[in-house]
Amino acid sequence: MVLSLSIREQKKSKNRKIITIMTHNYPLGEIASQVRRDIVRMVNLAASGHPGGSLSSTEIMTALFFSEMNHNPANWRRDGKGKDMFFLSAGHLSPVFYSILARSGYFPVSELASFRKLGSRLQGHPSVERGLPGVHMASGSLGQGLSVACGAALTKRIEGENNFIYVLMGDGESQEGQVWEAAMFAAHHKLSNIIAFTDWNGQQIDGPNEKVMSLGDLEAKWRAFGWDVVVADGHDIEAIKAVIRGAKEASADGKPKMLLMKTEMGKEVDFMQGTHHWHGKAPNAEQTEKALSQLKETIGDF
Amino acid sequence: MREIFENSGNKDTRSGFGAGLHELGKTNKDIVALCADLTGSLKMDAFAAEFPERFIQCGIAEANMIGTAAGLAVSGKIPFAGSFAEFVTGRVYDQVRQSVAYSETNVKICASHAGITLGEDGATHQTMEDIGLMRMLPNLTVINPCDYNQTKAATIAIADHHGPVYLRFGRPSVPNFTPANQKFEIGKALLMVEGADVSIFATGHLVWEAIQAANILKGEGISAEVVNIHTIKPLDKKAVIESAAKTGAVVTAEEHLIAGGLGELIAGLLTREKPTPQEFVAVDDLFGQSGEPADLMREYKLNAESIVSAAKRAIARK
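The listed protein sequences correspond, in order, to chains V and D.
Under this note's numbering, the first sequence has 101 at position 51, and the numbering climbs by one with no breaks.
Under this note's numbering, the second sequence has 532 at position 239, and the numbering climbs by one with no breaks.
Here chain V stands alone, though its shape is the one from the complex:
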């Protein structure tokens, strides 16, 4: 049933370009509101998934995909040739990733209903197996995305392309040792075409970072590894655009860029906001209704 729905929708894909242009006409704040509705509805429909971090990184993803990134959803290539590339390192943020991709025109918005269902291209964590446009790499096992970004950044340099490599990581994810291997590598190889975001919501599955495994002075750590570091409000779309532009403009300084985005887990849904309890839990029907009553439907639900 899910599959037949998606096939029907594929017939509409000719109109995708028009839909995308229409979406781009909405103010970014209204796109973000619709994305949040998508996140809550997808997770509710699947009765599983990760709403907390998806809601905290919504503005980051909206500003990136609808304003700052050089990409072409209608003619996407897995090798990213001639375009910017985005890697989701924190694969459990798949709800926000899929919503952003669909709303950008990578695939039909209706396909969001298949999230986590048998046979879906929208796997619980991103996968390339079924060829979902917009997904370069599988992710989910944490700490690997920045390394992959390093490889893609090297290719851009070897090919003489001036494109950027974006990567979104969770804050708890920086407890993985591989992140710091990649941090050292990117600085050593002067990969200033990498612009990384940390969704710094301060929460992880077992509780606040401070209780589970303190990140310490995260800003000083990245700086000590040789990165340009900026701390910004991860819910202020104009501020996010400004720090991305600043990172692009500073690309000649030879340093990779870490944008530490201060956010709140579960943002804009009062009972989810600021707690780790909704990291990986789906709202039931009643909770979903309550959440949606707080999130304005703008572009239209899938």
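The set of hints was computed from the structure by calculation and includes no laboratory data.
There's no promise every hint is true.
Pair by pair, the computed Cβ-Cβ distance ranges are [unchecked claim]:
1. V/M234 to D/H455: 28 to 36 Å
2. V/M234 to D/D577: 26 to 34 Å
3. V/N125 to D/K594: 54 to 62 Å
4. D/H454 to V/D286: 44 to 52 Å
5. V/A274 to D/E592: 42 to 50 Å
6. D/P527 to V/A270: 48 to 56 Å
7. D/P527 to V/E179: 13 to 21 Å
8. D/E478 to V/R207: 30 to 38 Å
Fair warning: this is a prediction, and the values are worked out from it, not measured in the lab.
For every residue, glycine included, the Cβ atom is placed at its ideal position computed from N, Cα and C.
Could you slot chain D onto chain V? The hints should help.
Frame of chain V; chain D shown alone:
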């Protein structure tokens, strides 16, 4: 098929890899090489010296090296990422699983110093689990060539194969007996010696030992067939089944644990398709230890003499 194999002079298989990589560098500009502080040991020096812009030093950080290789691959390069076999398998299993195998990235994982013949460094560095670990991963091709010439040919061949590959080779100088400039065909078992009484399926350094064993057996009136399984995955099932059906007795020989190795792979196949008495020349649930490679091969019964005994046991069970 050649019945007489001559050793053209001992050489290490890792040098075959280095020579193949260097040759690839000259002919294909998309080839890039990565190493984690073992450039000399992997014999990647020639490539690194001639193509510095395509050689990426990763330092002692193998997890990041595998991820970086995946990123290079997804964006269009053909990365050859090398280190000791243990450090590109066991140490980074999850990186290989998610960013290489599951993501279907065109990464060539180049594993030197595989098996017990790594020698004096001892068990921390001697992986005898790697074939098992790697062949369990969907999408991954697993190759274990037998000598310098074949390793060089395999290195060149995998560049043209689009998909993740695990290429396993070794440290010590061993007989170089297959033809120079041979064409390497992934997934095609090579009949080295034709025989009627027992089939010896060997891989890597054990192929030479199997040929020596066949010579010894011949002197005792036993006709042994030797098949070089250089590609563990995909296994040449047809070749294995046909040979086993013909001789009715099987020996498998490998520098690996029984668990997860070529022997278990072939046993699994024959159990389903053609049940045949089989004896294993492999290490049974042990870590290695320090020692000279030849001494270790003798100590762990990974040599021609052990293959001869195993062949007689297999034949007796017919």
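* **Hints violated by the structure (listed by number, smallest first)** => 2
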